[in-house]
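> Which chain is which? The protein sequence lines are S and E, in order.
Number 154 in the working numbering belongs to position 154 of the first sequence; there are no gaps in the numbering.
Number 189 in the working numbering belongs to position 189 of the second sequence; there are no gaps in the numbering.
To be clear, the hints were calculated from the coordinates, so they are not data collected in a lab.
A couple of the hints might just be wrong.
To be clear about the criterion: a stretch of chain E counts as covered by chain S if any three or more of its residues have a C-beta under 8 Å from a C-beta of chain S, and this derived list gives those stretches [what the hints assert, rightly or not]: (1) 129-139; (2) 193-201; (3) 238-246.
The structure presented is a predicted model; accordingly, all values stated were derived computationally and were not measured.
Quick reminder that beta carbons are idealized off the backbone N, C-alpha and C, glycines included.
2 protein chains.
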Amino acid sequence: MTDTIVSSAKREIAIGFDRPFTIIGERINPTGRKILAEEMRQGDFSRVEADALAQVGCGAHMLDVNAGIPLADEPALLARAVKLVQSVTDVPLSIDSSIVDALKAGLEVYEGKALVNSVTGEEERLEAVLPLVAKHGAAVVAICNDETGISEDPDVRFEVARTIVNHAADYGITAADVVIDPLVMPIGAIGQAGKQVFALVRRIRQELKCNSTCGASNISFGLPNRHGINSAFLCMAIGAGMTSAITNPLHGEVVQAVMGADVVNGHDKDCARWIRRYREPTAGGEDAPSRLRRRRRGGNR
Amino acid sequence: MTDTIVSSAKREIAIGFDRPFTIIGERINPTGRKILAEEMRQGDFSRVEADALAQVGCGAHMLDVNAGIPLADEPALLARAVKLVQSVTDVPLSIDSSIVDALKAGLEVYEGKALVNSVTGEEERLEAVLPLVAKHGAAVVAICNDETGISEDPDVRFEVARTIVNHAADYGITAADVVIDPLVMPIGAIGQAGKQVFALVRRIRQELKCNSTCGASNISFGLPNRHGINSAFLCMAIGAGMTSAITNPLHGEVVQAVMGADVVNGHDKDCARWIRRYREPTAGGEDAPSRLRRRRRGGNR
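Using the sequences and the accompanying hints, generate a full structural model.
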């Protein structure tokens, strides 16, 4: 029954075993997005704002914010992005960087209880990130790799998770505030990648009593029709007990899969969220916005 | 590692723990299909033939054949439908009736090893159906209800399954030839329906070593966007270990969900089936047939 509570200034949400799945929007991340990277470097954050609004509009419950741009002043950029996103949305944020000073800068301007993304089992990283998390009373994503890299053996990955949870406890961070990422590998390269994750999620939940998250899209790397694979993976991961994922809510197929899995899991009371979203039959695949536009024009339905 | 082998005259397939999920096409069933019922009653089986071909074309691995039309000569109709479907496709069939004489008539004309749909835990039904199954060397779907009806308690449903497996053994039918239907209830009415099925499937697999099937669409009864719920349910059921379902392969969304779950489960070697189906990018949602038509006309891509 573990709940990980995160919040913005105005809104609190719980990532939890018996709750609807938490979608953490992944779009505000310049990695692999040249235009966004260049704009942010030049101080143009308009796309960050647009991405924040679009993702929340499409169903993100939290947003991941990353400003990892080579040779840029990442701490300053991340702090600015965090402040901007908090000024236009009220969802809690995941503050995402591999640079400790950037996490620090992001946390210093953050209003509420953030999710810090991330710590690994590497000694140096544990000792740099966990005190920051503790100081700000944040929660933290724990990634199951350490100095030896990412093990293909799920038992090794599980032991890394346990190590991180134990270290966190030393800093006064409870297991409820450690959200474990079991690491999703591409299924095209490792045929057991899916089953490994599901087995890990079950153990993380049963033995460590922790919530879990992942970069869901990794599963489909290199394959065609990636949304199809991602959707199936998310449903199966939710069935295995995963409680959140960093993914792209702009893909309706992915949001539908998550909402459908919530219904099937009994985590959408009276199917109310599902019915609200899908009750209006759409003629010819017409989407809600165009239906609304047509209504405003006085068209018949 | 249980395999349930079924066959037609020319083709054998295995429903199994470590195999791609088996889709059993549900369309050849006059229940709720007034036009089909009326045509079949009058001896017009053209729609049965068309439905058989369409379902196999869309990815069905087996077909369910039902001729349950009130006040009609069901044994004769079912036998005719079975013969017809076997003459136009080579997938194994599930012979579906609540009337024992109809099952008998279907089995008598069937070429290969059929799946008999179904037996329940009702004493009378067990004693009528199991000898037939044994006589024809068939496999059988075992539905988890008995004289007391369908229990909402999954432990009771499990015990019905165990009873059927034990009775089948008395007739020389192995557990591998009993495919258990845990009974899928509408999630809109019973919030625990999904979790119950997943828990049952795990027990059926671990304790009884049996394959499983279900009428997947029941889960979404009464809800909007049923394919969305059905797809999520199937992925989660496959994750829990379900090995087949009686469903509608004409819905691309459902087939995609099953194929995606096979990939994620590591049951699509080298993702070959997925890649074959989805590798061609479709411009503007264009489907394969219209692309082909355009090519024949010499259009550019």
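> With reference to the structure, classify each hint as holding or not holding.
Hints, verified against the model:
| no. | hint | verdict |
| --- | --- | --- |
| 1 | 129-139 | violated (count 0) |
| 2 | 193-201 | holds (count 4) |
| 3 | 238-246 | holds (count 3) |
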